[in-house]
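Residue strings, one per chain:
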Amino acid sequence: MSAHASDKFVYHEPGLQHQFDDMKQQEESVSIGMWMFLVQEIMFFGGLFTAYLVFRSRYPLAFAEASNHLDAFWGGLNTLVLIVSSLTMALTVYYAQRGNRNMQVIMILLTMFFGTVFLGVKVIEYTDKYNSGLVPVTGWNKKIPETAGTEHAASKDPTFALPLIETRAEAASAADDHKKHPNPKGEFQWNYGTHVVDYGLSKEKETGKPYLTASERIGYFSNGVFDPDKYRDKIRMFYYIYFVMTGLHALHMIVGLGLMSWLLWTAWRGYYSAEYYAPVEMSGLYWHFVDIVWIFLFPLLYLLGRHFLAGH
Amino acid sequence: MQDAGLTNEEIEEKPKLNYLTNGSTLKSWLLTKDHKRIALMYLVSVSAFFFVGGLYAATIRLELLTPATDLLESGTYNKAFTQHGILMIFFFLIPSIPAILGNFLLPIMIGAKDLALPRINLLSLYFYWIGGALTIFALLQGGVDTGWTFYTPYSTTFSNTFVMAVGLGIFINGFSSILTGLNFIVTIHTMRAPGMTWFRLPLFVWANYATSLVMILGTPVVAITVLLLAIERFARVGIFDPAIGGDPILFQHLFWFYSHPAVYIMILPGMGVISELISNFSRKKIFGYEFIAFSSIAIAVFGFLVWGHHMFVSGQSIYAGLVFSFLTMVVAVPSAIKMFNWTATLYKGSIDFSTPMLYAIGFLGLFLIGGLTGLFLGSIGLTVHLTDTYFVVAHFHYVMVGGQVIAYLGGIHYWWPKMTGRMYSEFWGKISAMLVFIGFNLTFFPQFILGYQGMPRRYASYPEELQVLNIFSTAGASVLGVGLLMPVVYLAHSLIYGKKAGDNPWLLPGLEWRTASPPPTENFEKMPVVTWEAYEFGEENGLDVEEARRRDLATVR
Amino acid sequence: MAEHHEEHQHEHMNIPKYVGIFVILVAGTILTYVTAQWDLDGTLFAGANTLLALLIAFTKMTFVMLFFMHVYWSPKLIWLSAVASFFWLAIMFAYTMQDYLTRGSGVFTT
Ligand code: HEM
Ligand SMILES: [Cu+2]
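Going down the list, the protein sequences come from chains A, B and C.
Heads up: the first sequence at position 161 corresponds to 161 in the numbering used here, and the numbers run straight through without jumps.
Heads up: the second sequence at position 418 corresponds to 730 in the numbering used here, and the numbers run straight through without jumps.
Heads up: the third sequence at position 12 corresponds to 881 in the numbering used here, and the numbers run straight through without jumps.
Next up, chain A with everything else stripped away, as it sits in the complex (with noise of 0.2 Å):
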């Protein structure tokens, strides 16, 4: 108890609410609950893991050519976004552990700053995905009408209708211009190739060994012939959990910020002191809890197929 600027809360016990006996038990009683939330935030996400873990063990080939097409870039780049961000969450307690207002209001104004960083890369990633066709919701995609200047039959996808195991140059032709592809209602698209799939029955060819899980050969293929549309589909649901896992988590951090806001206005205010800053470490296990969320979900979306566009 020093010459801070807090010092005139510090007779009354700030913050000690009426149940309570003394800070420590309240301390103890917070931080606690804190934890049991953020394990119930953890059981909430593992739902979706959970889902993410069936769907990626059984349709492997098509989530990492989906994934390819997720930007590495930004992604990694938002995991460092985040880290900082931790960082100066962290800083912001530890400041606030030592009474120092100042220190404490400028950490917070970069955590909530790199913490806005990260949601405007998202907005830029969802954008991209708009504008390419891969927003499973049929009607949220960007819409190119029928017209529009391809001289491909509307309904079948020629990429697709290739024979299966098309040359990687083939491949590559073709997606060059799939942005002429139509979509008059906004429909989720995929124009990218079949790469992985490629790749994966070459190898089989080549050692005899079945590559495809068995749940690949009933999802790709209708009679033994492979059926764009049901690939198509099988693309279409790892967006879909991309969307919903990035989603929540997003929405995590919107809240994350509202949460800094409140800090922010109260740490200026100087509510904080060494003696009383539990608010402040509450706020902080909140947001390196999502920061958590993040550095799993970075590897499971954005490079679990890399090394597939990287070798052959």
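Hints in this document: simulated from the structure, not taken from any laboratory.
All clues stand as given, with none of them false.
Cβ-to-Cβ under 10 Å is the rule here; a few derived chain C residues that face chain A:
id : residue
1  : Val888
2  : Phe891
3  : Thr898
4  : Tyr902
5  : Gly916
6  : Asn918
7  : Phe927
8  : Ile947
9  : Ser950
10 : Ala951
11 : Ala953
12 : Gly973
A few chain A residues facing chain C, derived, Cβ under 10 Å:
id : residue
13 : Pro60
14 : Gly76
15 : Phe308
Fair warning: this is a prediction, and the values are worked out from it, not measured in the lab.
Using N, Cα and C, we set each Cβ at its ideal position, and we do this for glycine too.
Given the structure of chain A, go ahead and fit chains B and C with the ligands onto it with the hints provided.
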């Protein structure tokens, strides 16, 4: 400690401010942070949902009076049983004991002024109201017909009813239950009075602790599942849709990951009440305290390992079926431990057959039947014959109504004098307890036979040869209905005309009986220090029964 | 009654330590990005890429939890709840997958 009988006099003389009289504006209720007031508001709201759910039940039983589809069309019937299930499970049974009795008693039982997080407690009530209002709104719009289990792809793709609105209602209501659980765990860890060690906690507190674990670990999973369902319905694409390679069985996995543990949310608190009743009304220290306490925790943990027993015939692998079947047998062990300990407690006890005890004894018999038939259903071979028949319906009503509802009624009667300061009519209490017991058995026992004979659940019509048993069942339901309505009348009556209850009308040692009835806002005049073990009867505890009875006669006429 | 942890966390962390953790996290991110380009699935065993990525993610998470979230100096109950939540996640994963991985084949052919 010595005021067990003394305060009887004080009550007559100078009425002190208690939690009911401390503020009478609407605001003092709606913005209260007092756990006791929140509990009372829960009591009123939960009872309202119980009543509406009961109306649906009555409609269902009336339809099943005759083999033909006459009273309701099939579509309406589907809605009736769906809405019955949703209201009863999510809006009555899950909050019943924890949010009402737990909320009211847990802080008092551990000697605290309030729950650790009173604002969170109020928030949980608001969530309950919002979720409930949304659900009722959806029901008024036209309701749902998917069954309370919301199985996909029917619920995502085919049903033309208000699945999304109800789903959202359940989603929001889920957070009410999560917050209650969170609050209880924090409170039990940090708010115990000096001397109130873990093994001096009443078993009701242990039971609520275990329940809270399940609420925190399970409920978020059903929240995300219902959310996924709503998104899928809205977006018309998703992972549960078999048409695009999704998997409806994944929905069942996620749903039952919560909903099997949730059946323990629906029984553990009841078991806690029964532990209190059995020990206190036998005036005997409970037999095997530690076993009962830890079996609650064991149920909470093992309850998470058996969900697949709801999916034996739905397409999960046979291997998984075997594992889940085995684990189902295992999870019955902790319940059995409790049964044995309760029975052992009764042995040579000085049993007092007051209304709460009648309920407790009813529980023992009914839960026994419910639990054992659960084992039938958990045997992977037998279940193929029994699943989706009225046998299942009878099973879960034996555990949910015969278990939790009976325990809830027992608890309400037992703590009524504490909550309101008034005694209800013991005569009518006993009558209604017996009616409930008889009516319940008459309603649901025939359903075991019906199910065994092959009557499927969830149909509005059935073959003629099954009518006799169905008539029994409907007749029983009307007895049960009367039995359940009676307490509303005589409990309400007691509020005004009831005999004033002393602080300790049952002459019991628990902490809740060592403060005024009704308790003051911060529960105790002087914060207690606990120096006795749980369920310690004896003269040194100020509880010489004969002596106290004499005092009682002298003071309260 | 419930045990208190007497000292505050003041003494344990300082700015260089926080920055050190930060550097580890950045390094982990770069590492996971780089290793994802290698075809470990092809050269080692199927799933090796994912396994490595998850190992790195777990390590990163452990650092965040222990030091940024101060779990390292927290009461046992906090440790317990952190560990228990992952245990419960594991239950959900394992018992769901035990079904999917044994569908249609394995010991009991359908
Ligand atoms: C001794 C422990 C128990 C065992 C072994 C057990 C076993 C089972 C089994 C195997 C089923 C599936 C029946 C089928 O659909 O074929 C089932 C259904 C059910 N059980 Fe239990 N049970 C037990 C206790 C409880 C308790 C305590 C409750 C609730 C308080 C409960 C509520 C239910 C419900 C609601 C269903 C039906 C779910 C539906 O709508 O399909 N059970 N039980
Ligand atoms: Cu079950």
